[in-house]
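Protein chains in written order, with my numbering: chain Y, 134 to 489; chain U, 646 to 904; chain Z, 163 to 439.
These are computed hints drawn from the structure, not numbers from a lab. Careful, some of the hints might be misleading.
What the hints assert, rightly or not - Here are the computed distance ranges between Cβ atoms for each label pair: (1) Z:Ala342 <-> Y:Ile329: 38 to 44 Å; (2) Y:Gln267 <-> U:Gln892: 28 to 34 Å; (3) Y:Thr361 <-> U:Leu824: 45 to 51 Å.
Yeah, the Cβ is synthetic: ideal placement off N, Cα and C, and Gly gets one too.
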Amino acid sequence: MSFIELTNIDAGYIKGNPVLKEFHLSVEKGELVSLLGPSGCGKTTTLRTIAGFIMAERGKVVVGGRDYTDLPPNKRNIGLVFQNYALFPHLSVYENVAYGLKRRKVEKRLIQGEIEDVLKLVSLTGFEERLPAQLSGGQRQRVALARSIVIKPDLLLLDEPLSNLDAKLRDEMRAELSRLQHQLGITMIYVTHDQIEALSLSSRIIVMNEGNIEQIGTPEDIYERPETPFVARFIGFDNHLEGQLISKSEEELVVDVDGTTLVSSRSSGSLDLINNGDPVELYFRPDDTKLLDEEENNSIKADIDYANYQGNTTQYSLHVGESNLRAIVSGKPVPADVKSIRISIAPNKLIVEKKE
Amino acid sequence: MKKSKLLIFITIVMFVFLLGPFLVIIISSFSNNAVMRFPPEGFSLQWYNKVLNIEMFRTTFWMSLKIGLAATLTALILGVPVAYTNVRYRYPGKGALEIFFSSPAIVPGLVIGFSLLRFFIYVTKIPVLTGLYLGHTAILFPYTVRVVSASLRNLDRGIEEAAVSLGSSPVHAFFAVVLPNIQSGLIAAFILAFITSFNNVPVSLFLTGPGVATLPIQMLVYMEYYFDPTISALSSILIVLTIIIIQSTEKLLGISKYM
Amino acid sequence: MNRLHLKKTFVLLLIPGLIFLLFFFLVPLLFVLVESFKGADGGITLIRYKEVLTNPQFRLVFARTLKIALIVTPIAVLVGYPSAYLMTKLPAAKKSILMSLVILPLMTSPVARTYAWIVILGKYGIVNQTLTSIGILKEPVRLMYTEGAIIVGLLQLFLPIMILTLVSAMENVQDEVEEAALSLGSGKAGCFFRVIVPLSFDGLIMGVTLVFTGSITAYVTPAILGGAKVLTLSTLMRQEALVLMNWEAATVIAVIMILTTLILYNGLRLFKPRTLV
């Protein structure tokens with residue numbers, strides 16, 4: 134049994150239909166797991182069900198051995214960090230952070246020490262008397278963190294906590310969060326639609342779509358080896374071509390795309406599901422694309438629509454037949470009179486999927 | 646530019662029309678003479694003296710004050726939870742209920758007063774003072790519910806959830822985290838409701854009785870028999886009090902937002 | 163499960179206020195409604211309505227009340243619109259001062275507010291005094307206890323209401339829309355009529371509704387400025403109820419007042435160009 138276990142959950146009803154249906158989830162102690170997906174995929178519903186703001190119609194929520202299913206949110210030992218911080222406007226930083234401790238009837242003299250420690254942890258020593266209105270976005274987020282950590286929760290739930298910060302601050306806070314998580318060893322479930330956040334913070338990523346789990350894996354698993362078309366598209370395998378499977382083996386799949394043969398060493402999903410002759414889709418990343426002058430292994434001819442100089446790299450908009458592709462290649466753009474080029478993709482960067 | 650001059654002219658005339666009468670009353674309250682002339686002759690504070698010495702004005706002033714406070718507090722205590730359900734819950738029939746809680750402001754006050762009088766006489770034998778209190782409370786609902794609703798809407802729902810996640814029961818969260826942050830809305834609602842109750846005539850008209858009368862009603866009665874600057878003096882006092890209240894709340898809260 | 167708990171809380175929050183209003187507002191109104199259909203023997207009858215509606219005094223008073231409202235409302239619009247527009251264009255500090263001044267007639271005791279007009283319109287009031295001393299009049303003219311006096315008194319109350327409603331509606335018309343219109347070539351007047359008026363139309367309808375229904379149901383102003391000589395619907399009702407003790411007539415008049423208000427509120431809502439909550 135994992136530290137956090139959701140079993141067979143039906144929750145989050147919109148117009149009579151549950152967002153999560155027969156949903157399962159396991160998280161180990163001390164992990165930072167990201168729920169990654171587009172809006173509406175159910176990641177926030179999952180979070181709120183664990184928090185207790187959504188009551189599951191069916192199924193169980195167990196955390197650290199305790200059955201949370203029927204417990205109201207204020208009786209669960211969780212910490213919540215929101216996108217817009219939700220600091221209490223009328224209370225000082227000190228009072229905000231002390232709130233949970235007071236509710237737990239911690240002794241007054243102990244509270245002070247705890248708050249000192251946690252403020253030091255988030256680098257906000259000296260800010261005790263400030264009001265939320267006097268703080269910057271980053272500072273507010275750190276207070277929100279401090280407030281939820283200081284109660285020593287079983288787990289920390291974070292709902293897109295960095296979305297309201299500007300890019301630079303986001304990077305800094307990401308690093309902070311990572312450091313805190315490792316230092317304290319708190320189990321964290323992190324909801325985001327931003328891949329980079331998920332990839333850089335998590336020990337495991339759970340990609341969700343329309344209430345279902347598409348794939349669970351380490352950041353590397355997700356990034357390099359997407360297992361479904363949705364995950365592939367979501368994680369950046371933007372280019373796709375259509376073709377027909379010619380042959381398959383343990384090491385490689387051979388696909389015919391409009392007369393050109395391409396070889397891939399990977400298929401997402403099970404190989405058994407694709408058979409020779411089946412229509413398939415090929416996915417690859419714009420930055421895994423290389424330019425070639427002559428015919429070479431694993432290349433295909435593409436017509437140039439336009440080329441955008443980007444300093445170090447050039448972005449090409451291309452098309453092969455009816456498929457529009459993007460290639461991001463280092464170097465300057467080819468001369469303007471060149472109308473088509475050959476692009477090549479390494480077999481292990483090319484994913485074959487059965488066409489749906 | 647011609648258009649602007651016309652606009653300014655109309656506006657100025659309008660303000661003179663709206664506010665001139667108040668000046669007239671205040672000036673005429675200092676008259677030396679009992680006849681209602683304007684401009685007044687002489688200068689005297691006798692009418693103010695008279696106002697403060699007429700017992701009926703004192704008693705009814707306190708009555709209006711007491712009823713106003715009691716009705717406003719009741720309308721707040723009953724109305725704030727209603728405002729909360731308006732803003733935080735969705736349910737079938739909500740629109741109709743919202744209209745219902747606003748309806749005491751739409752139904753003519755005279756009709757409300759009359760129907761309450763008939764109701765109290767025939768159905769529920771309620772003492773006059775209680776009836777007056779109940780009637781005033783009813784007509785204050787629209788003010789408390791609407792103003793507090795507006796205030797609640799501006800409050801981030803997240804802080805209630807944050808409080809609950811940290812261990813507060815929903816009730817505790819309401820008192821600890823919601824109420825303190827809608828203070829200005831509560832004060833605005835209080836003042837608006839109190840003034841409405843204090844100044845009310847249509848409802849009080851029907852619900853007063855022996856020993857139970859409000860100040861406006863008393864003034865009307867006085868005016869039926871006497872015609873001297875006493876009422877000018879009393880009116881002036883009320884006008885100045887109103888100005889003070891408006892100015893101080895405007896400074897504190899920016900009350901024009903809530904109108 | 164917690165779902166029930168949620169429902170229980172919800173009910174506890176809503177019920178006390180709801181029951182209060184039901185008991186001390188709705189039920190009495192329904193009671194009066196039922197009473198209006200009761201004949202002398204206690205049976206259901208329309209005879210009371212017939213008595214009132216065919217009464218010449220009632221008809222006169224009703225017509226007069228409508229007439230007064232029909233005069234007050236357009237004036238409030240014509241004077242209120244430009245003033246409200248001007249106020250929206252002012253810098254915040256000036257605007258807030260003007261707004262507090264506009265609120266003053268609304269917040270002041272109606273008795274005090276209306277009493278001033280006695281001083282102004284009375285036999286020895288300002289108007290008469292000035293006009294006789296200048297020589298336009300030979301002797302004082304009766305201005306009090308006339309429809310005109312009531313109209314003037316009502317305007318002092320309803321202009322602020324119209325202005326407040328319009329200001330809030332006009333503020334919602336963004337500055338950019340106005341600038342866009344001006345840049346496309348419409349003059350200031352054209353812009354006003356073709357852009358601002360239509361977009362703040364909802365506010366206008368609301369203001370007209372409030373002023374019109376308010377004028378019909380107002381009590382203090384007609385009571386003081388019209389007295390027993392010039393009765394309006396509300397002073398008539400009060401007379402029947404408290405002076406003549408004619409409960410049956412008063413009840414019918416009360417129902418007619420509610421009906422008129424409801425019809426006006428809903429009827430005027432039909433003029434809204436689109437459904438805005």
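For each hint, the structure was consulted:
Evaluation of the 38 to 44 Å hint for Z:Ala342 and Y:Ile329 yields a pass: the beta carbon distance comes to about 40 Å. Here the CB-CB span from Y:Gln267 to U:Gln892 is close to 29 Å, well matched to the stated 28 to 34 Å. Take Y:Thr361 and U:Leu824: their Cβ atoms lie about 49 Å apart, and the range 45 to 51 Å holds.
Every hint, counting from the list given before, is met by this structure.
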